[in-house]
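Next come the chains, spelled out residue by residue.
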Amino acid sequence: MTDAPLPIASPRRPNLSRRRARRRAAERRFRWYGMAAIGFALLVLVVLIGGIVRTGYGAFLATEIGIDVAFEAETIDPAGTRAPATLSDANYRTVLRKALAGAFPQVTAQRDQQALMGMLSSSADFRLRGMVLDNPSVIGTTQRVWLKASADIDTLRKADDIAVATTAGAGALQLLADGATVTLRAGPGAFTGLFADLAARRPDAVTNGRATLGSHLPGYMVETADGGLLRLTSFTANEATGDILLAPEAAPAQWFTLIVSPPEGDRRIDDRELAWYRALDAQGRVRTVFNTTLFTSADSREPELAGVRGAVVGSLLTLVICLLLSFPLGVMAAVYLEEFAPKNRWTDLIEVNINNLAAVPSIVFGLLGLAVLLGFFGMPRSAPFAGGTVLALMTLPTIIIAARAALGAVPPSIREAAMGMGASPLQTVLHHVMPLALPGILTGTIIGMARALGETAPLLMIGMVAFIVDVPGGFTDPATVLPVQIYLWADAPERAFVEKTSAAILVLLAFLVVMNLAAVILRRRFERRW
Amino acid sequence: MSENAILRAGPSRVVAPVPIVSAAAQTQPHRVNIAASHVDVFYAAKQAIVDVSIDIGEHQVTAFIGPSGCGKSTFLRCLNRMNDTIPICRVTGRIAIDGEDIYDPGMDPVQLRARVGMVFQKPNPFPKAIYENVAYGPRIHGMIGNRAEADEIVERSLRAAALWDEVKDRLDEPGTSLSGGQQQRLCIARAIAVSPEVILMDEPCSALDPIATARIEELIDELRQNYTIIIVTHSMQQAARVSQRTAFFHLGVLVEAGDTETIFTNPRDGRTQDYITGRFG
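Protein chains in written order, with the numbering used here: chain H, 1 to 530; chain B, 1001 to 1281.
Hints should not be assumed to be uniformly reliable.
What the hints assert, rightly or not - So the derived list for chain H, only partly shown, Cβ under 7 Å to chain B, looks like this:
#1 Ala417
#2 Gly422
#3 Ala423
#4 Ser424
#5 Gln427
FYI, nobody ran anything at the bench for these hints, they're computed from the structure. Even glycine gets a Cβ: it sits at the ideal position worked out from N, Cα and C.
Using the sequences and the accompanying hints, generate a full structural model.
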């Protein structure tokens, strides 16, 4: 090293202002990249959550139909004993059928009555029984009871994808009944609009100026002001013939033509049911309410009766087992490895293996659970106990790694201070190191738990994918968990399960948010203590 | 450049343990509290302390001085077995406190550390309330039974550390909210709360400003009445100000130990002379 000063022969002065401008531009650009990245992430999140909410919000609503039910004593309790057994065994389907017959007196054919009954959820008669059992004094009275609609009616109301184009009809409508068919006349050219519409859509349905309709074609109907509804089977521009869906008066004051698409054959609701639904809706007997069933019942084959309660309780029980097993074990392992274990080849080997375990695909843990927990130890199948144990095995490495990192981040000066005071190694860890590391340990635990909450694959292996109708009451009852429920519903063929699937995803997300919130609150509390 | 010369010369010389300076040099007689003889310390294969023998008197301040890496802190940490916490560290030789070998297998390091307190270079109060910082030691050693006793020990220790007047109204605040000098005095209060015989101080003022340093030095002088104090320092002025006896370490070897005045005015060894006159280190 030489002490001679360097000669400043030719000071190369770069253009300072240009350099500064470039540096500032680079900094601005960097900030922009960051903001753009965050903006993009937020956008994706909004699109994702927005999409789920848009599909799923319908599941939080339920359609109910108001029926005037006469609780006749001779049907329910002919002997008049009011004994619970009698009330419980009474035939409430008959009560319901009579009530529906009252609402639609013109529906007489048994098949039609059955279809009418099908508009209500299959749980409707249980609902009536429940009312009677709760309060036998309803017997002998007539009450308007709001009953859950079937999934098809529910979807019809929510999805609103059956387009009904209504046009006021011109001229006085004459109806000439001939058995089941009716001939409609309303002056020359009364049906020109309908005819032109059909000719434009399906020219093949028109022959010699006469249109012949069928279930593969859109529905063409005539509605009268008094609520009558006629389905046209064939028509010309001047005259039409049709079937009666709901009987009109002979000479209605006002009438409308309806074009119903898609064709009847492409819908789950046929024209009859559509007619009944429109009639009920016009009378104000259809309403949309909050769907409490979603939160009070477990899975069901009937979409309108299916809820997430079973899965939520199952998830909760599974997570409790998972937490009880993995948290103490993980923290104890981490404390030992970080604070007490000698650093030698064995502990290195253990550390490498723990890191490897964290990267093992979860389905492998499921297979392990199947072979060891169910096969060898004979744990109950499909139960939260086995599920929680498998998830605990999966979560354990995550917790150990997070806890070790948190313990390692505690400054050594705290340990020295405690040791210098004469605290034993255990006291040092329990009194000083652990409290400081606890927020980090909790964060790691919550991350592990969140992963366990969203885990499906290992639980499929131990049978938690079964269709379970009961809300689990304990750790050994058959149960399912939220992500598996989502998987099951996503697989279900009924259209009504689509919105259920999204709703279950929303519930799962809410569950996660609550867990993270709990973690934040816990962390705050522990941090405030010192 | 001159340091290199010393470094080359250093390890080749075997230095005999320096005996306690003759009674004639001592101004007042002191009972020997800590007696170390032929202490070697190894970090794995590397020898950090070479055959150190020294006697440390009771109720005196003994200063360890020497250039960085000379082993003075390592030797200090042998005195309350803090080196036990380093797995690769190995200590041989005999260190006795009041005639009791502290490296005896029957000696519990936890009890030893209650007798030999320690104050560290960087103030390291526990991230707990000031009160808890002081009460912690007595509590884990079972010295307090009830709240009144704890209050009394806390007040006495804080008064002894000259901190009471500044913190008596905010004992519930975290110890880490104090200033650096206050934190260091809190650490001293924490150390004396368990009534140790010896207090080890490892460069207690190196992280403090001159005013805080002066307060700590004053405090050390007061504490000397009741405690044996050993202080490691980089500042020769500080050693001269606070200590009665000084030991000079160099490259793991105890070069010279004696009355502070003698060491600073009339050192026997050339290296001590070089160090205190600022020719290296």
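Against the structure, the hints come out as follows:
About 4 Å separates the beta-carbon of H:Ala417 from the nearest beta-carbon of chain B, less than 7 Å, and the hint is met. Annotation: H:Gly422 was flagged as interfacial toward chain B, and the flag holds, the nearest CB pair being 4 Å apart, inside 7 Å. Contact between H:Ala423 and chain B, as hinted, is supported at the beta carbon level, the nearest pair being about 6 Å apart and thus within 7 Å. The restraint placing H:Ser424 at the interface with chain B holds, with a minimum CB-CB distance near 5 Å, inside the 7 Å limit.
Below 7 Å, beta-carbon pairs count as interface contacts, and H:Gln427 has one with chain B at about 6 Å; its hint therefore holds.
Consistency note: the structure conflicts with none of the earlier hints.
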